[in-house]
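Student: Protein chains in written order, with this note's numbering: chain Y, 6 to 548; chain R, -4 to 329.
Each hint should be verified, as a subset may be incorrect.
What the hints assert, rightly or not - A few chain Y residues facing chain R, derived, Cβ under 7 Å:
# : residue
1 : E344
2 : Q349
3 : I370
What the hints assert, rightly or not - Here are the in silico distance ranges between beta carbons for each label pair:
#  : chain 1 : residue 1 : chain 2 : residue 2 : range
4  : Y       : P369      : R       : L149      : 36 to 42 Å
5  : Y       : V116      : R       : L270      : 35 to 41 Å
6  : Y       : R106      : R       : P192      : 51 to 57 Å
7  : R       : A32       : Y       : D66       : 34 to 40 Å
8  : R       : F141      : Y       : P369      : 34 to 40 Å
9  : R       : F31       : Y       : V116      : 53 to 59 Å
10 : Y       : I100      : R       : K96       : 55 to 61 Å
11 : Y       : V116      : R       : L148      : 56 to 62 Å
12 : R       : V318      : Y       : I100      : 29 to 35 Å
13 : R       : G22       : Y       : G312      : 52 to 58 Å
14 : R       : V130      : Y       : I100      : 22 to 28 Å
15 : R       : P254      : Y       : I100      : 33 to 39 Å
Please keep in mind that the hints were generated in silico from the structure rather than gathered at the bench. Glycine included, every Cβ here is placed at the ideal spot set by N, Cα and C.
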Amino acid sequence: MTVTTDLLLEATGVAKTYGAVVALRSASLAVRPGEVHALMGANGAGKSTLVKILTGAVRPDSGRIAIRGRESVAHSPAEARRNGIVSVYQEPALIPDLDIRDNLRLTETPVEPFRHWLGELGIGDLDLSRVARQVPLASLRIIDLARALAIEPDVLMLDEMTAALPANLTERVLEVIGRQRGGERSIIFISHRMIEIAAVCDRATVLREGATVGVVDIVPGAEERVVELMLGEIAKDTTDGAARVASGPRAADAKPRLAARELSHGTKLQDVSFDLYPGEVLGVVALEGQGQDELFDILAGSDRPSGGELLVDGAAVSFRHPADAIRAGLVYVPADRAEALLMQRSVRENIALPTSAQIGGWGPINLARERRVVDGAVQQLQIDARAAGEVRRLSGGNQQKVTIARWVAGGVRTMLCFDPTRGIDIRTKQQIYTLLRDLAEAGAAVLLYTSELKEIQLACDRAIVIFGGRVVAKIESADADEPALLRAAYNLRSDAQMPEEVAAEIVAAVVAEEAAATPEPAAAAATPAEPAAAEPPPPDRQP
Amino acid sequence: MSTAVGPIEDARGRPADALVQWARRNGWSVSLLGFFALLLVFTKLIQPNYGVAGIQGLAISVLPLALAAAAQAVVVISGGLDLSIGSMMALTSVVAAVLMKGQPEEFGIAVVIGVLLLGLVLGAINGSLVVVTRVPDIIVTLAMGFVWAGCALLVIKTPGGAATKWLKDLVLGSLGVEWIPKAAIALIIVVAIVWIPVRRSNLGLSIYAIGSNRLAAFRSGVPVGRTKIAAYVLTGLFSALAGLSLTASTGIGTPVPGPYTLLSVAAVVLGGVSLAGGRGGVFGPIVAVLILSLIRTDMTFLSLDTNLAIVVQGMILIGVVMVGSFIQLRRTRA
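All chains, please: the whole structure from these sequences, using the hints.
Tutor: The structure is reproduced here in structure tokens:
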């Protein structure tokens, strides 16, 4: 950090308080030209606030922000853009009812560069006259990125850009980001996925409790240092938790709680059969859009299958409404909190709602019982209830806990979790894994779809892999390491257990390709550690 | 991120604590009440002989609109909007007046019950049409507003009919102390009897839930369509009560809808109910009605041109809501 004169972006002592809540105490960030800089921190550490300040959405209380040495505090996103800072947020920023071309006009984005970047990112065949609403979510994220790249900003901020992307598109995105290295421009990259950080980032600034606690050069092994900084004193707890191995052979005579038989739905879901036993957590692994959304909608009673059979405790069922599924003991936790919570209502009402609906009818609420149930759930999930009056004021992790708490409160038999840990911090993730294991041990059956492959070994007893609407593999937890799952998710033929090196090659190949594509050789020289860093450490090897 | 774990919304202490809790959660309604008190003082200042008669008149004139505001509040909380409230009031009012004319007192009880049932049916028709046809609420209720208004004219061409004496006695005059108008008591009792049980039931929770987030409510097992119909039924019931109060206070039935529909929307907005659904209650809109009405009275006292008075009323509405959202914004940022 000797170089201070030619910094592209420098923020020092940035502070922001919202009433009594200190969002940022003293954050600093220094970005050099041509680097990909990771901004890291557990949820609530102040990442989002810092990003909002840098992009002009929020004004800091104090602190200094300089771009190319010139002091400039942006007062609006438009002004930040003129200063050369553009951000791609977690949620798509396109107007749903306009077509893509009109959306481009709205932000004065040149079309030709945009098309070029779309091609680079793997969806070059996109029809620009399509209305944004009809474009799949993953493509919208790519469009957002292409739009930002087309403006050629000095600093491009990517906030959890890859969270909702399928693995193949993530690779393309990382590849494109990697290629930006060594030029004049910089990228600030925010992600919860350590592998991505290791693959594309040069340095990482770590925030904890509103302050910058360290800047780490991303070299092999740096992940541990980053996690250490991010978690502070609780690092020990979480690694202990991570070491917990899912196990538990089930009794031979156990009957499945939930059995799917040749379920199909339109073209998306072709033939899915599996058994889910009480006392187990069954993982579901799939690339984006392989039919898992339809499967969970059917199981949760939101949609009806076009073929096949669903058995609960051995009896065939047909759900016409989520209430039917809930009555049969099947409860659903979606990835998107906004699909599950009444954001303007209180924690109490949110937790009570499904419990009340479960009892059925419109009768009076038993207040004493409700209070007992709600308090119990709040305690069990360690929900930070300070802002209990309105759920939208809770942090993302706490909101997700509420979505789970509402079902746990009613006594859960079968829980269907669709990527419940998407976009939340490591600590809350750990609590959720522990909770799912505890539920299973108490006799519940849990079906867990996850986009993070390593969660399978952390939380599941076994996993099924869905590809093209069919179950293509069933893997026991012990064998379900990331390479094996990744290979199965791509439906690559594996007659036997795949050697680990082979799978590592697949991941390495992506990065190698990226290195080859880097235009300036100087860039590769500047980051000699890159090939080594690209090899993702299997998560189970972390201490 | 610390985890302060503890019981939430703790309102089980002494009644005074519960009251404080309630006031904190209904800050907007309490401020409105304060504003209303200030207005009363202001009224007394500009018109020193404003007293019992004024309060009586206020209570009587406010009653139908207050019930209409409650009607609108329920459906708006559920995420809808009912533009047929004024017409439903007209229809229920003339039906009551026509049936009561020349009939014995006891028959009036049957008429009241019948008219309330009619309100439930009107609301159920509105709600079912919204749910079954999937046409937006605003269009269905606008159209049904014409239908109900037409029906009212079919019942009786010109204002007429009569109200039973006991019904009039229910809202005219005062109870015991002359400062407590019967109309105010009737309003409080009626709203309490209908709304409090709803608020404390799963139905109430479901109504708030579908207004706050339809998808989340659906996923939580709430029967969205049925709940929506139930909200419209409640709106129909409140509209029928409003219609009855019109008959009671005027002694006749008028087949032409008054300005109640749009005023009820104004009251709901002023009363802190989110037009997007899911927030607010019926108490705020009722206080808002008091304020709107008293402002109009004050302007008469100030001998303002009545046309100008309406202009001022509109501007006050915008001003108050603006101040309200500003406070709300400050609070969420704080």
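Student: For every hint, state whether the structure bears it out.
Tutor: Verification of the hints:
no.	hint	in the structure
1	E344	holds (5 Å)
2	Q349	holds (5 Å)
3	I370	holds (6 Å)
4	P369(Y) - L149(R): 36 to 42 Å	holds (40 Å)
5	V116(Y) - L270(R): 35 to 41 Å	holds (38 Å)
6	R106(Y) - P192(R): 51 to 57 Å	holds (54 Å)
7	A32(R) - D66(Y): 34 to 40 Å	holds (37 Å)
8	F141(R) - P369(Y): 34 to 40 Å	holds (38 Å)
9	F31(R) - V116(Y): 53 to 59 Å	holds (58 Å)
10	I100(Y) - K96(R): 55 to 61 Å	holds (58 Å)
11	V116(Y) - L148(R): 56 to 62 Å	holds (59 Å)
12	V318(R) - I100(Y): 29 to 35 Å	holds (31 Å)
13	G22(R) - G312(Y): 52 to 58 Å	holds (54 Å)
14	V130(R) - I100(Y): 22 to 28 Å	holds (25 Å)
15	P254(R) - I100(Y): 33 to 39 Å	holds (37 Å)
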